[in-house]
Amino acid sequence: MNLMSTTTFSKRNWFCWSWAGASAVLASCLVSGCVIVPVPVNHHTAASRTNVQTDDILWLVPGQTTREEVLLRLGEPDAVTEDDLSMSYRWEKIRLGLFAAVFAGYGGGSGYSEYARDYTLDLHFDPCGKFERGEVKKSKLTLKRTL
Amino acid sequence: MERPREEIHCPIEGAATVNKPLLARTRRSTTASLLAFAVLVAGCATVDQPSPDPRPLAETEPQLGKAPAYRPDPHLLGLLRDGETKREEIVLQLGPPARTMENERVLFYRLGQSPQGYFVQETRSEGWADVRHSLVLVLDEQGVLQRHSLVNVR
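Chains A and B, in that order, give the protein sequences.
Counting from 7, one number per residue, gives the positions in the first sequence under this note's numbering.
Counting from 341, one number per residue, gives the positions in the second sequence under this note's numbering.
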């Protein structure tokens, strides 16, 4: 009689353990997830120049502003054609941060990634050295670094 | 009628009645649960990208003793006088320019700055990481300084 009750108890105990294990696995599956939070940022990268902006194209007057004026105001360009008729100023800005967190049961992890955009101010001059036309180009966002 | 206590072989009191195959199955189930749990709680991995400028620190610091302009000097730009200073004086004092334009009529120097003053930054990298100012010198046809500007690039 006593043995019978012991066996019943052991079976119940086994079922309890099984249910506990299955529940733990199920709970882990249910609470697993990934949270991605975009963080708006706007700052230059460490190697970028910071003195040129997209608005700089506004003070350039076609047929009036000279190349010399541009150079004295913005400094050394990042690229120049051999004939000096075209030159570019480039800068790079971090425009988006992504904070990602993964939760899985009692564990998890998190990380932060930064995405940058390249800007180019292309300026074209006539043979007399007068500003002719200019344009600002923006690249797509690219992954810059992951922390 | 109860059994005598000495017949129980298990040293743990109360555990004598546990069914051994049942215990083994329970252990297997627990182990499987723990394994599954360990897999599920695995977290994110981070990836470190290499620095865009892998130069050693010593190379990024001012090159002391190489030329006068590579030492921080508060009077480094004192020689620049529009209408007076000649190209030869500039190159002797500041070294070769980082870039020239318009048949070497426009000279560019990249300058760093420390509490001791300005110094010429050697141009080994494409970026502006170690540069604080761009010095623009416009010369006339005779090679005399016409206009100059110290542009803060960072």
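Among the hints, erroneous ones may be present.
As a list, the in silico SDA-like pairs of lysine to any residue whose alpha-carbon atoms are at most 20 Å apart [stated by the list, open to error]:
#1 A:Lys136 x B:Asp480
#2 A:Lys144 x A:Val47
#3 A:Lys146 x A:Ser116
#4 A:Lys143 x B:Gly467
#5 B:Lys426 x A:Leu78
#6 A:Lys150 x A:Ser92
#7 A:Lys150 x B:Gly467
#8 A:Lys136 x B:Ala469
#9 A:Lys136 x B:Val478
#10 A:Lys99 x A:Lys143
#11 B:Lys426 x B:Gly483
#12 A:Lys144 x A:Tyr125
#13 A:Lys150 x A:Leu78
#14 A:Lys99 x B:Arg494
#15 A:Lys144 x A:Ser92
#16 A:Lys136 x B:Gln486
#17 A:Lys99 x B:Arg472
#18 A:Lys99 x A:Val142
#19 B:Lys426 x B:Asn492
#20 A:Lys99 x A:Ile63
#21 A:Lys144 x A:Asn48
#22 A:Lys99 x B:Gly467
#23 A:Lys143 x A:Ile63
#24 A:Lys144 x A:Leu78
#25 A:Lys99 x B:Asn492
#26 A:Lys136 x B:Asn443
#27 A:Lys146 x A:Val47
#28 A:Lys136 x B:Arg472
#29 A:Lys136 x B:Asn492
#30 A:Lys136 x B:Thr370
#31 A:Lys144 x B:Gly467
#32 A:Lys150 x B:Ala469
#33 A:Lys143 x A:Thr51
None of these hints come from the bench; they were simulated from the model.
CA of A:Lys146 to CA of A:Val47, is that 20 Å or under? Roughly 15 Å between the alpha carbons, so the hint for A:Lys146 and A:Val47 holds.
Would you check the hint for A:Lys136 and B:Asn492, treating anything up to 20 Å between C-alpha atoms as holding? Violated, at about 24 Å.
Holds or violated: A:Lys136 to B:Gln486, with C-alpha atoms at most 20 Å apart: Satisfied, since the Cα-Cα distance of roughly 19 Å is no more than 20 Å.
Quickly compare the C-alpha distance for A:Lys136 and B:Thr370 to 20 Å and report which way the hint goes. violated, 80 Å
Given the proposed pairing of A:Lys150 with A:Ser92, does the C-alpha separation stay at or below 20 Å? violated, 28 Å
Are the Cα atoms of A:Lys143 and B:Gly467 separated by 20 Å or less? holds, 18 Å
Please verify whether A:Lys99 and A:Val142 have alpha carbons no more than 20 Å apart. holds, 14 Å
Given the hint that A:Lys146 pairs with A:Ser116, does the C-alpha gap stay at or below 20 Å? violated, 25 Å
Given pair status - B:Arg472, A:Lys136, alpha carbons within 20 Å: The hint is violated at about 28 Å.
Within a Cα-Cα threshold of 20 Å, do A:Lys99 and B:Arg494 meet the stated pairing? holds, 13 Å
CA of A:Lys144 to CA of A:Asn48, is that 20 Å or under? Answer holds: A:Lys144 to A:Asn48 is near 14 Å, not above 20 Å.
Can you confirm whether the C-alpha distance between A:Lys144 and B:Gly467 stays at or below 20 Å? holds, 18 Å
Violated hints for the displayed structure, listed by number in ascending order: 3, 6, 8, 13, 19, 24, 28, 29 and 30.
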